[in-house]
Amino acid sequence: MNRDRLLLLGYGAGILAGTLVHDPVWLAAGLALVLAAAGREAWRLLRRALLAILAFNAVISLSYGLMAWWQDSSPWETLLRLNLRVLLLTSLSFLFIARANLFRALDFSRSLTYVLALAYSQALTFRRAHDDFRLALASRSLRRPGLMDRYRASAAAASWFLEKALHAASQSAQALRSRGFFHD
Amino acid sequence: MHIPDGFISPQTYLPAYAAAAGLWALAAHRVKRRLDADTLPFLAAYTALSFVLMMVALPLPGGTTAHAAGIGLLAVCFGGWMAFLAVSLVLAMQALLFGDGGITALPINALAMGLAGSFAALATWKLLGRLHEAVALFLAGWLSIVLPAVLVATVLGLQPAIAHDPGGAPLFFPFGLNVTLPAVVLPHLLVGIGEGVLTLLGWRYLTRLRARLAA
Chain A
1 MNRDRLLLLG YGAGILAGTL VHDPVWLAAG LALVLAAAGR EAWRLLRRAL
51 LAILAFNAVI SLSYGLMAWW QDSSPWETLL RLNLRVLLLT SLSFLFIARA
101 NLFRALDFSR SLTYVLALAY SQALTFRRAH DDFRLALASR SLRRPGLMDR
151 YRASAAAASW FLEKALHAAS QSAQALRSRG FFHD
Chain B
1001 MHIPDGFISP QTYLPAYAAA AGLWALAAHR VKRRLDADTL PFLAAYTALS
1051 FVLMMVALPL PGGTTAHAAG IGLLAVCFGG WMAFLAVSLV LAMQALLFGD
1101 GGITALPINA LAMGLAGSFA ALATWKLLGR LHEAVALFLA GWLSIVLPAV
1151 LVATVLGLQP AIAHDPGGAP LFFPFGLNVT LPAVVLPHLL VGIGEGVLTL
1201 LGWRYLTRLR ARLAA
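Residue numbers (the numbering used here), protein chains in the order written: chain A, 1 to 184; chain B, 1001 to 1215.
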């Protein structure tokens, strides 16, 4: 078994453990362990995880705090456990993404690796193009674009992506056929 | 419906993974019959397309935006199983490569959005498509968003009943169905309108584009 597949299994076991443990002390210990494993990247990892969960957890925590206050009960243990768990699991996910090569971890299936690699590379290209479209609209507008302008921009972007996806699929199919991918 | 890790109990996500794994195997088997030099790149391309459609903002009056998912469009154009696989791959990519959305929420989102959303859209299209194409496509897109929203809200709202400590305090997502159903479903009734329009316009555009490419 290769190193990346072991990391994937370890990551799965870590996620399971993080959802089976409910004591905030153990959840905090788990978070400390993940940060220790991140080494010099610990602060960057923690910052990234905090930013990723901030909006969702802030809304949930504030709403739950208000509800508990209304019902005259203490929300602190529940909120501490919830936020520590989410932070632990998110940090663990980011550490896994930084350390493991998912394509190598899944290389037991040729078709799965192929589809994932192709979809990922195209998704990266599309994401860059999406950012370019967004910046293009902003740079060509003196004022904040109106609703209709934004509809037109979204429609133009969506049609570009549809066309590009069809062309990319046709090109990949031709490339596969010419290299005998399905006859090896 | 991007739920971070830590809000779904293992009593929920472990059976969901078991069910999703069986359905992924079945979907792969169904698609594999057609899996050749043409369909494999198309699956990858539509996965990337679904990924980017989830990034395209649908402007709403008042300056806010909602995000389409392209599930209805994928389902009516390429079938339910292909759409299920593409949406599942997008969710896996988002969770494991881009760090967006939780790995514990993946099977629930895959079953709700990929399976229920795709097949609801496909069934609507097949049932109503002969009566009125535009209405059928719009409803297919609308339902592909609203039904998964109802399912995800139900799963979230059941968490306090499924996993709580001896004192009754929730261990995972803390709100019940009385909060999750209106909070999740109501905004998606509006998002569904955008998805319905995207499905209708996307279908017409793809039909024209395919005719142009074939010519």
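If you're looking for bench data, these hints aren't it; they were derived computationally from the structure.
You may find that some hints are simply not true.
[Claimed, not checked] Capping the alpha-carbon separation at 30 Å, the derived lysine-lysine pairs in DSS-like fashion look like this: (1) B/Lys1126 to A/Lys164; (2) B/Lys1032 to A/Lys164; (3) B/Lys1126 to B/Lys1032.
[To be verified] Beta-carbon label-pair distances, calculated as ranges: (4) A/Leu66 to B/Phe1098: 44 to 54 Å; (5) B/Pro1166 to A/Leu51: 46 to 56 Å; (6) A/Leu66 to B/Thr1154: 47 to 57 Å; (7) A/Leu80 to B/Lys1032: 42 to 52 Å; (8) A/His167 to B/Ala1134: 22 to 32 Å; (9) B/Leu1127 to A/Ala32: 47 to 57 Å; (10) A/Arg179 to B/Leu1181: 44 to 54 Å; (11) A/Leu124 to B/Lys1032: 51 to 61 Å; (12) B/Ala1134 to A/His22: 50 to 60 Å; (13) B/Ala1123 to A/Arg44: 40 to 50 Å; (14) B/Ala1211 to A/Gly12: 17 to 27 Å; (15) B/Ala1183 to A/His22: 19 to 29 Å; (16) A/His167 to B/Ala1028: 44 to 54 Å; (17) A/Gly65 to B/Asp1100: 25 to 35 Å.
No residue lacks a Cβ here, since even glycine has one placed at the ideal position from N, Cα and C.
Hints, verified against the model:
1. Of the supplied pair hints, the one linking B/Lys1126 and A/Lys164 holds, its CA atoms being roughly 27 Å apart against a limit of 30 Å.
2. Our distance criterion of 30 Å between C-alpha atoms is met by B/Lys1032 and A/Lys164, whose separation comes to about 24 Å.
3. For a cut-off of 30 Å, the pair hint linking B/Lys1126 to B/Lys1032 stands: about 23 Å separates their Cα positions.
4. Against the hinted window of 44 to 54 Å, the Cβ-Cβ separation of A/Leu66 and B/Phe1098 comes to about 32 Å, which falls outside the hint.
5. Checked against the given bound of 46 to 56 Å, the beta carbons of B/Pro1166 and A/Leu51, roughly 35 Å apart, lie outside it.
6. The beta-carbon spacing between A/Leu66 and B/Thr1154, approximately 23 Å, falls outside the hinted interval of 47 to 57 Å.
7. The beta-carbon spacing between A/Leu80 and B/Lys1032, approximately 48 Å, falls within the hinted interval of 42 to 52 Å.
8. Range check, A/His167 to B/Ala1134: about 27 Å between beta-carbon atoms, so the 22 to 32 Å window is met.
9. For the hinted restraint 47 to 57 Å between B/Leu1127 and A/Ala32, the CB-CB distance of approximately 55 Å keeps it satisfied.
10. Under the hint 44 to 54 Å, the C-beta atoms of A/Arg179 and B/Leu1181, about 51 Å apart, fit the expected range.
11. Taken as a hint, the range 51 to 61 Å is violated for the pair A/Leu124 and B/Lys1032, whose Cβ atoms sit roughly 26 Å apart.
12. The given range of 50 to 60 Å is respected by B/Ala1134 and A/His22, whose C-beta atoms sit roughly 52 Å from each other.
13. Remark: the range hint 40 to 50 Å for B/Ala1123 to A/Arg44 is upheld by a beta-carbon distance near 47 Å.
14. Between B/Ala1211 and A/Gly12 the Cβ separation comes to about 46 Å, which falls outside the hinted range of 17 to 27 Å.
15. Under the hint 19 to 29 Å, the C-beta atoms of B/Ala1183 and A/His22, about 25 Å apart, fit the expected range.
16. At roughly 26 Å, the beta-carbon separation of A/His167 and B/Ala1028 lies outside the given 44 to 54 Å, and the hint is violated.
17. Look at A/Gly65 against B/Asp1100: about 26 Å separates their beta carbons, and that is inside 25 to 35 Å.
In this structure, the earlier hints numbered 4, 5, 6, 11, 14 and 16 are contradicted, and the remaining ones agree with it.
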